[in-house]
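The lines below spell out each chain.
2 protein chains.
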Amino acid sequence: MSKKYVYEFGGGKADGKATMKELLGGKGANLAEMASLGIPVPPGFTIPTEVCNYYYRHDKSYPAELEDEVRQAMERVESMVNAKFGDPANPLLVSVRSGARSSMPGMMETVLNIGLNEKTIEGLIQKTGNERFAYDAYRRLIMMYSDVVMEKAAGIEPQEGKGVRMQLEHEMEKMKKSRGIVNDTELSAADLKELTRIFKTKVKQILGKAFPDDPYEQLWGGIGAVFQSWNGKRAVSYRRIEGIPDVWGTAVNVQAMVFGNMGNNSATGVAFTRNPATGEDVFYGEWLVNAQGEDVVAGLRTPNPLNIRNKTEDTRHLESLEEAMPELYRELSKIRANLEKHYTDMQDIEFTIQEGRLWMLQTRIGKRNGTAAVKMAVEMAKEGLIDEATAVLRVRPSQLDELLHDMLDPVAEQKAGAIAKGLPAGPGGATGQVVFTADDAEKWAKEGKKVILVRNETSPEDVHGMHIAEAILTSKGGMTSHAALVARGWGKCCIVGCSALEIDMNKRLMNVNGRIIKEGDWISLNGTEGRVYLGKISTIRPDLEANKEYIQLMQWADRYRKLGVRTNADRPQDAAQARAFGAEGIGLTRTEHMFFGPERIMAMREMIIAENEEDRRKAVMKLLPFQREDFIGILETMHDLPVTIRLLDPPLHEFVNLNKQQAKELAKQLDISVQKLKARIDSLHELNPMLGHRGCRLGIAYPEITEMQARAIFEAAAELTKKGVKVSPEVMVPLVGTATEFEHQEKIIRRMADEVMAEQGIKFDYLVGTMIEVPRAALTADEIAKTAEFFSFGTNDLTQTTFGFSRDDIGGFLPSYIEQKILPEDPFQSLDETGVGQLVEMGTRRGRSTRPKLKVGICGEHGGDPRSIDLCHRVGMDYVSCSPFRVPIARLASAHAALKNK
Amino acid sequence: MSKKYVYEFGGGKADGKATMKELLGGKGANLAEMASLGIPVPPGFTIPTEVCNYYYRHDKSYPAELEDEVRQAMERVESMVNAKFGDPANPLLVSVRSGARSSMPGMMETVLNIGLNEKTIEGLIQKTGNERFAYDAYRRLIMMYSDVVMEKAAGIEPQEGKGVRMQLEHEMEKMKKSRGIVNDTELSAADLKELTRIFKTKVKQILGKAFPDDPYEQLWGGIGAVFQSWNGKRAVSYRRIEGIPDVWGTAVNVQAMVFGNMGNNSATGVAFTRNPATGEDVFYGEWLVNAQGEDVVAGLRTPNPLNIRNKTEDTRHLESLEEAMPELYRELSKIRANLEKHYTDMQDIEFTIQEGRLWMLQTRIGKRNGTAAVKMAVEMAKEGLIDEATAVLRVRPSQLDELLHDMLDPVAEQKAGAIAKGLPAGPGGATGQVVFTADDAEKWAKEGKKVILVRNETSPEDVHGMHIAEAILTSKGGMTSHAALVARGWGKCCIVGCSALEIDMNKRLMNVNGRIIKEGDWISLNGTEGRVYLGKISTIRPDLEANKEYIQLMQWADRYRKLGVRTNADRPQDAAQARAFGAEGIGLTRTEHMFFGPERIMAMREMIIAENEEDRRKAVMKLLPFQREDFIGILETMHDLPVTIRLLDPPLHEFVNLNKQQAKELAKQLDISVQKLKARIDSLHELNPMLGHRGCRLGIAYPEITEMQARAIFEAAAELTKKGVKVSPEVMVPLVGTATEFEHQEKIIRRMADEVMAEQGIKFDYLVGTMIEVPRAALTADEIAKTAEFFSFGTNDLTQTTFGFSRDDIGGFLPSYIEQKILPEDPFQSLDETGVGQLVEMGTRRGRSTRPKLKVGICGEHGGDPRSIDLCHRVGMDYVSCSPFRVPIARLASAHAALKNK
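From first to last, the protein sequence lines are chains A and B.
Numbered per numbering that gives the first Met the number 0, the first sequence spans residues 0 to 901.
Numbered per numbering that gives the first Met the number 0, the second sequence spans residues 0 to 901.
Errors might be hidden in some of the hints.
Remember, identical chains collapse to one label, so a pair may be satisfied in a single copy or spanning two.
Stated by the list, open to error - Okay, derived cross-link-like pairs now, EDC-like style, lysine to aspartate or glutamate, Cα gap no bigger than 16 Å in a straight line:
#1 Lys173 - Glu840
#2 Lys899 - Asp869
#3 Lys381 - Asp280
#4 Lys203 - Glu818
#5 Lys340 - Asp753
#6 Lys659 - Asp681
#7 Lys675 - Glu130
#8 Lys340 - Glu382
#9 Lys820 - Glu742
#10 Lys475 - Asp681
#11 Lys175 - Asp190
#12 Lys199 - Glu610
#13 Lys746 - Glu832
#14 Lys3 - Glu330
#15 Lys677 - Glu605
#16 Lys3 - Glu216
No wet-lab data here; the hints were simulated from the structure.
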């Protein structure tokens, strides 16, 4: 622990600087920085975050030296502002504010006007000549202090509605009523003075303790309240959501008060140095004359536009600061330029004008939406403010989502209240009429209606309806449920696990928290946030091709990244979409979805029910022409680029999920009894299908399936090669756990390639490789790489087996795991670096120990997750593969990984 | 490859020796050894196994030098026996025999009498003065050679029943019929001569090729046939079963023929230097006068006892060699002594007496049963023939099974034909009346009947019937199914997965391959082999306590082993049994089985159905007194020894498998609707329960369960400590994947310990540790060991997750995996060293990197498997834990591991 407990700032110099955020918090560090830059900042000092940790480690006490240092710092503030803390004639008032390393807006406490008491108020009145102002400040102090310090920080838990603040507000209401007035501002100086007296009596009565008159007691109370609020409920749950560690702690900023509410030559405002919604290089903000900062934020008064360019239809009648106080506006504009140049990024600032003098209260990096982030980053790079690498790093990959999907009109969305919330499975916004079956979705869509398909869960047999729907909404399932996977693949808006829905299929309606929504009713979804709205909300469609800054940014990103970016796509149209988004190949084509077409599923089922190899082979071969056509479509779309095709993976019983009628038909077609058919289907039932007869275990038990699939791939390759299309199929064997499994399948695949080449008299390139998706594959990767030409980490399954978690069943405990911090996050969302990551690293390293040029990629859902992509980069993978709509995100994330790990 | 292709032996010296088995095969190496020892061996030479590999690698051709070397060796044999190969006057005849590193009895080919042709037969007649003998030898050669060399080795596949051997035998039968005789021996010299003519014509006719007259062509044909037979169907499938690698190859032994069938001063026999069934130090064997070796083995003539002591009721009228040829018997006895002394182990020998001269044809380590193995090993050590360590190594751990369980009377068993075969899930033999429900089993047993419980599968609710039954037989399930696990724990005879059974519960009968077995019918099981017999077969009960040699052997074993041996036991009586077998503690007490008693299951179900913590806690606490009693029983039985108790592990839905009546009752008891109850039960349903809400995930979601169990353990510990019983409970948290999970549970457990100690004012020792059973736990063992005081590898689950195999579902593909050599063996039987073993090693090493004295054990089924125990030893574990009846096996296997890895 450092020896210094107080960092001072003000009067053109400071102990701290902007880079000391860890110690001083964001606010404190930036106040120091501004002070050093000569920007007018009310003097003050910062008690660093270390003291917060000390406080919690030492039973809520302070280092012995702190008191002296604070007193000395206060004295220096006194001399800078030429006033004295607690001096009845010329009192200094201070604010006490929190300030963590990372902004936690509204999560911790603030106390203003510290230093006011029965004596100093007289000095304030004299100094300001404004008794009403002084008593208003005093009553605010009592209200705030009794609530924040005396009640909350003391850990007193009042009964519902009986908190001290509520009761004081009630007193104020009573007085307003007795005076026959409505607004606080109408209370007279005398009223407020009376109120402070009433407040103090009430506080004593409620909390059994007098409101302290000693300024230093007030100050220490404020400091303690800030530290205490670091572990308040709101702050803790915010940290949990944002992933902020508890040990960071908060700093405390004690600063001389300035007042924006001292008359019409006073004001307060907040501003962004550029427009945070559009990214335009325009000074953008709001201000209020004769007001305190909280008034702008609280929304009680409509703030005025900062300048003329900010004016809108709604605000053009309001006077801007530029017009009202042109001198001060110019000064503020100069500071704006200064700060952007100094920080080389858009700033979010707060200022107060006290009796014609401008004070800066805060500067920090401004938050912005995706569109703005891209525009600012590219423009700042072009202005020379930052370099291109920095521009690339300025945009969070996930911010690109906004540029890729239709969005609900944000204004309309804000007005509509969400009626339910689910998991944000597919980003974007959509609006449509509710239907409850895939067939209805198709029928209604054919009639030209926009529909949203609502189901408890979806299955592969719903795919036609899902595809045609504007969006999908399910009551069950998680982020990797069927609906979520399919929707994400298509970039379709989707919300899953929305447990508030109770669907009544018979009546074709759903009950949402008591609200009945019938088939045909309009609803709207925000899939990025997981929110469901009643009624129509218009959507906004981004135009990527016209977004020059986006195109520029992605070019820069591509220049820096080392990882290739491929896509997971099962259909030519998805592949084409991904290619348009910059995919450099396909990392995963699942062949199983191809079997669900009506003609195909019958042959598939025949194959499954077959009792001997001959019948099975006959049925399998019926699928060959379909598969060949599928592969021709995909390989042609991805000409000149590699296409990884995974052989059949899921357990066979997924294909024989039959209702009575279907069973009857199939039995008839196969010329067997329904009973026999059922017996065969029953025999396929597994207790743990995830660990059962699937993946290459199928191809080993039924080599004819592998033969058919390999032949279909190679016949497609041969046909396209003849047409002059360059193809590079990569045949991928799933769920390999032993080298012998892979070798078994590899032999069949190569034999098929040889046969097809011989039959057709043509050569083509191809590779044979495997998924690494069970721990044993990673552990024996050196063996497997002897024959495998590439690895693709299937991190969904690898996560399941490494943890022993079933994706489908973690709903029972994962939420409480996250809540209790047993896991930092859902390992199916972001790759578990500690555990699963070891196997990914080991598999890559060991694989390359036998085959140095082994091509290694990832095709699990993690391939589109920025944090996981960073790991893939560090491990030295060749590429990541993700759903088409995440391709731009993966490109940007790969560039980030390369730049951050330089 | 060595430069030498031929290793000669004979005349008191040899190129090879006994230790050269890899090169010369077992037979060749031992012939060389005997020759060097001066034991009379017909001279000859061995073509080493390397040539076999060369042969297969070079398209079935030989090294260039081989032909010359063989010719030279033949010349030396000629000079030793003073005869010439192919010499019409004085012909040398040779045999060609296979000889692999490990004995593969009957799996490869042999050709005798090579060198006989139309010319040399005259010399043989002259030499022996026995025309009949000579033509018999000739017709045997033609039969054997045309079959083995000309047909099989040439790869000719005749139609069913049309093989050359069958057709020649048919000719012989025709001749016998025409002569009106029954036995081959009645055929005259002229008949046999005529037969050789007929045979040669037939061979030409059938195979389109003449029987070769050139002796060297015959010799090379024979050599080729032996090599060829290495990859014959029988040999390949035998190797697969015995785990013999293909690359070992076979040697070929070419040796001068000696004849035991040259009159009444000739004979042949086989013998063991000690009794292989009892272990007694008695020369034990059989012989036949005027016969060839194959006659003894073939069983056409009843062989005579070797000596007077060998005579039994059935054979006392037969003359022994000791009586018939006392001189030669003395010579043989001397050789017996010589060989045992030289090889320091019991030998299995073959000899031939040709016209009064003794020749040794083979010596090898003799096979023996478990009882004999123990007795011989201990007696040989006491005789000073071997040291104690060698004695310990002489007994295969699995051989102890015979000493621990009731066995079917082997004689009676051999007579009865098995009606079905299943998986040998619980060793030993049993006989009883068939019942089909656990309740019937209990009822019938109370009436004093012996019953065998037959089910499709068993569940925890069958346990009372399983326990009382003599044996358990199921039609489904694998080696780690519920029935198998439970039976093995009790040392009960059990066969599972006997798919031939079709049980009709309504009619209370089963159909076994068309045979109807009704309730009450008697059946018998050999659980060691998995065989089911119809009817009663008497059983033999071993008396371990009276087996001095067994006791001695185990004392020696305990002296050498480094691993502790604990047991897996859930009930005091099992614990006591294991303790009697030498268990040094309990490595796994599963608490879930304790919840199935009628009073308990109700509280358990109440707990599961509870909708809030309060109700759940109330229900859980009802279980406390039961659990405490359980733990008192086990801890008391295992006083002074450590007892590892695992907290609740299985998914909750296992406890709410209700029929309609039970559901009704429970709903009534809980005062909720049946519908609501069902909804709650349905909500517990999981797609992959093995990867679902179980293990510590339960204790984290419902801490009150952990609290109750920990409290029950500690209250039991406190109570016993007060009584002066020394207890060492080790509380084990299941299915930990992250250090945070363990820490969560550990805190609760320690809190309970503190509470109980404070309440009862007494101290006791205890440990808190965890199972390592998912890969992530092994990967992050260093983190987990920061708080965990011990690790116990749950290798059942670890195997499941490392491979991604569900034990319950591998039936669909594992058999074909073994068959196709994709896996060398069932990884749930013997620990997969290559994959899972890496995690076991890593987990141990990383765990000890943070806690050097970390106690490490294994409690999966592998803890009783000798090969897996060897791995545990090498990894440096502290102990293995296995079911009670495997404790002696584990003790011996641990000693083996220590001795072999010295």
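Cross-check of the supplied hints:
no.	hint	in the structure
1	Lys173 - Glu840	neither (68 Å within a copy, 75 Å between copies)
2	Lys899 - Asp869	within (9 Å within a copy, 47 Å between copies)
3	Lys381 - Asp280	within (12 Å within a copy, 99 Å between copies)
4	Lys203 - Glu818	neither (39 Å within a copy, 86 Å between copies)
5	Lys340 - Asp753	neither (65 Å within a copy, 61 Å between copies)
6	Lys659 - Asp681	within (14 Å within a copy, 23 Å between copies)
7	Lys675 - Glu130	neither (95 Å within a copy, 67 Å between copies)
8	Lys340 - Glu382	within (11 Å within a copy, 97 Å between copies)
9	Lys820 - Glu742	between (43 Å within a copy, 11 Å between copies)
10	Lys475 - Asp681	between (25 Å within a copy, 14 Å between copies)
11	Lys175 - Asp190	within (9 Å within a copy, 139 Å between copies)
12	Lys199 - Glu610	neither (89 Å within a copy, 47 Å between copies)
13	Lys746 - Glu832	neither (34 Å within a copy, 26 Å between copies)
14	Lys3 - Glu330	neither (35 Å within a copy, 101 Å between copies)
15	Lys677 - Glu605	within (13 Å within a copy, 36 Å between copies)
16	Lys3 - Glu216	neither (22 Å within a copy, 102 Å between copies)
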